[in-house]
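> If you want the building blocks of each chain, they are given just below.
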Amino acid sequence: MTSLPTNPGPKKLGLVIDLDICVGCHACVVNCKEWNTGGYPGPLTDVSAYGADPAGAWLNRVHSFEAGEGCDGRTVHFPKSCLHCEEPACVTVCPTGASYKRSEDGIVLVEEDKCIGCGLCAWACPYGAREMDPGEQVMRKCTLCIDRIYNENIAEEERQPACVRTCPASARHFGDLGDPESEVSRMVADRDGYDLMPEMGYKPTNKYLPPRERKRPNTSTPTAQPLEPIASGGLLGWLDRVLSD
Amino acid sequence: MHPAPSIIVFTVFSGSGYGLLFLIGVLGAAGMLPADSAFGLISMIISLGMITTGLLSSTLHLGHPERAWRALSQWRSSWLSREGVASLVTFAPALALAIGWVFFNEVWTLAAVLSALGAAVTVGCTAMIYASLKPIAQWHSAWTLPAFVGMALAGGALLFSLITVFYAPQGNWPMGLSALLLSVGWTIKAGYWAIASNRRSQATPESATGLGQFGKVRLLEAPHSEENYLLKEMAFAIGRKHAMKLRRLAIACGFVAPLVLLLAADLLVVLPAAPIVIVAVLMGLVGILMERWLFFAEAKHTVTLYYGAPNA
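Protein chains in written order, with my numbering: chain B, 1 to 245; chain Z, 246 to 557.
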């Protein structure tokens with residue numbers, strides 16, 4: 001069903017990404033590709049994977065940005081996948097009904113057997129969350145790993161999106177953002193979590209936590225001592241004088 | 246945006262075909278066209294031929310054209326689906342119009358009116374596919390719908406002049422009408438260009454990342470070393486680099502040349518009009534193809550903000 005759910009449930013599953021913690025290691029990117037290549041939306045095909053011009057479909061990417069100038073500037077690693085918006089134009093533009101938003105948990109998915117590969121949903125997404133699979137010629141996107149989070153055949157602690165599970169720094173968190181008492185909702189409240197491009201009106205579910213304020217650099221720190229002269233007295237001083245002559 | 250040849254051919258061929266269908270529908274219903282089977286045959290072959298060629302071309306753009314029939318299902322929310330439905334529905338009155346005209350030497354008014362209506366609705370739906378896309382600021386504008394309708398009329402007018410030079414109704418008004426509609430179409434397009442040049446997305450690198458509190462945001466490192474689908478599809482650059490030159494070329498080819506040639510064909514009675522009009526129509530269609538290439542190539546997608554664009 002391409003129209004949005006008329007009675008969306010209270011549950012809004014999504015990610016909270018802590019930009020203060022992400023170190024830009026791309027582990028979430030790689031594990032996302034690995035899991036989803038064999039999982040629900042797979043295969044995520046590549047073309048010329050070992051050739052001169054490799055390309056392929058990925059559901060998660062880490063950009064790195066510089067914000068601000070000089071001492072006030074900082075580098076921020078910025079992971080980005082589908083934000084599972086509340087007003088996803090990618091769903092309403094879909095002419096076939098392949099693209100849909102689930103009323104029970106808010107996850108946006110593509111039914112690949114219905115996708116005609118017209119690409120309009122990717123045009124409708126300002127966040128770049130959708131990529132055409134070059135091999136399968138259907139649209140791919142983050143599924144929030146529905147084949148993990150509801151999978152009763154794997155250990156309970158594994159029932160999280162692959163990107164969240166693999167992050168070595170715990171920069172990514174998964175939970176129900178529709179429940180104000182959930183751990184992720186409390187994080188968003190405590191840390192002023194925000195939406196990307198709120199002016200576009202897509203109402204993303206995923207939230208980002210801003211980098212924390214940091215201490216000002218201490219300008220009175222003494223500068224490092226020069227390496228020479230090495231020593232003026234003792235055995236080394238004597239050796240230095242003898243060798244310098 | 247990447248200008249896909251199949252979509253350019255589709256919007257230009259089908260658009261001009263619907264423009265012609267609209268014209269013959271309106272003029273036919275008003276009793277201004279000869280109820281002559283030869284005129285009807287050539288008119289319907291050209292309009293439905295252009296429309297069908299365009300529609301078939303559009304399926305070349307799909308990853309899975311064998312599933313294209315599914316695109317008719319979501320007309321409640323999707324302009325692309327509405328366009329598909331409208332284009333198919335329009336065939337019914339258009340074929341009725343053709344049957345009456347060709348086999349019974351009559352222009353059936355109801356079929357003519359419904360054909361014109363269907364043509365207008367279909368072109369409107371095509372325009373709305375683009376006008377409804379918020380991430381592309383140049384398209385998400387009140388000018389996109391009139392620009393598509395205007396260019397469809399301009400293309401239709403060119404095709405109409407081609408028909409009437411062989412099967413002229415009484416008087417020399419058809420050539421004048423063609424010249425007028427060509428001028429109207431390109432005037433609206435000039436308005437679109439004037440507005441589109443300065444349209445930018447509200448979003449900025451700062452709002453896209455939420456890092457504006459620290460100052461200006463710039464891309465330090467791209468998320469991957471090679472191009473990806475998004476960059477190939479949304480970050481097409483060459484169109485914007487040469488936009489002004491290409492716009493002038495499109496106007497010269499699609500508007501100035503055919504206008505001069507159509508008027509010359511009408512006024513220079515000593516020369517045979519047909520070859521001049523054929524050249525005018527071909528040049529005009531090339532100009533509209535250039536205009537449509539630019540429509541896609543000039544437009545910039547908001548996602549480019551994540552890839553180092555200072556604005557989109």
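Keep in mind the hints are simulated off the structure, nothing from the lab. Where hints are given, some of them may not hold.
[As the list claims (entries may be wrong)] Restricting the straight-line Cα-Cα distance to at most 27 angstroms, the calculated cross-link-like pairs of lysine-lysine (DSSO-like) are:
(1) K33/B - K114/B
(2) K11/B - K203/B
(3) K203/B - K461/Z
(4) K379/Z - K486/Z
(5) K203/B - K379/Z
(6) K461/Z - K379/Z
(7) K490/Z - K461/Z
(8) K477/Z - K379/Z
(9) K379/Z - K114/B
(10) K490/Z - K477/Z
(11) K486/Z - K114/B
(12) K215/B - K486/Z
(13) K33/B - K477/Z
No experiment lies behind these values; they were computed from the predicted model shown.
> Does the alpha-carbon distance linking K33/B and K114/B stay inside the 27 angstroms limit?
Holds, at about 22 angstroms.
> CA of K461/Z to CA of K379/Z, is that 27 angstroms or under?
Judged against 27 angstroms, a Cα distance of about 24 angstroms means the pair holds.
> Is the straight-line distance between the alpha-carbon of K203/B and that of K379/Z 27 angstroms or less?
Within the cut-off at roughly 14 angstroms; holds.
> Holds or violated: K11/B and K203/B, Cα atoms, limit 27 angstroms.
OK: K11/B and K203/B at ~15 angstroms, within 27 angstroms.
> Quick one, are K215/B and K486/Z close enough, alpha carbons at most 27 angstroms?
44 angstroms, violated
> What's the verdict on K490/Z and K477/Z, does the C-alpha distance respect the 27 angstroms limit or exceed it?
23 angstroms, holds
> Between K33/B and K477/Z, is the straight-line Cα distance small enough, at 27 angstroms or below?
Between K33/B and K477/Z the Cα gap is close to 20 angstroms, so the pair holds against 27 angstroms.
> If you draw a straight line from the CA of K379/Z to the CA of K114/B, is it 27 angstroms or shorter?
The hint holds at about 25 angstroms.
> Please verify whether K203/B and K461/Z have alpha carbons no more than 27 angstroms apart.
24 angstroms, holds
> Is the Cα-Cα distance between K379/Z and K486/Z 27 angstroms or less?
23 angstroms, holds
> With the threshold set at 27 angstroms, check whether the alpha-carbon distance from K490/Z to K461/Z stays at or below it.
Judged against 27 angstroms, a Cα distance of about 33 angstroms means the pair is violated.
> Verify the proposed pairing of K477/Z with K379/Z, using a straight-line Cα cut of 27 angstroms.
Since the Cα atoms of K477/Z and K379/Z sit roughly 19 angstroms apart, the hinted pair holds (cutoff 27 angstroms).
Of the numbered hints given earlier, the model fails hints 7, 11, 12; all others are met.
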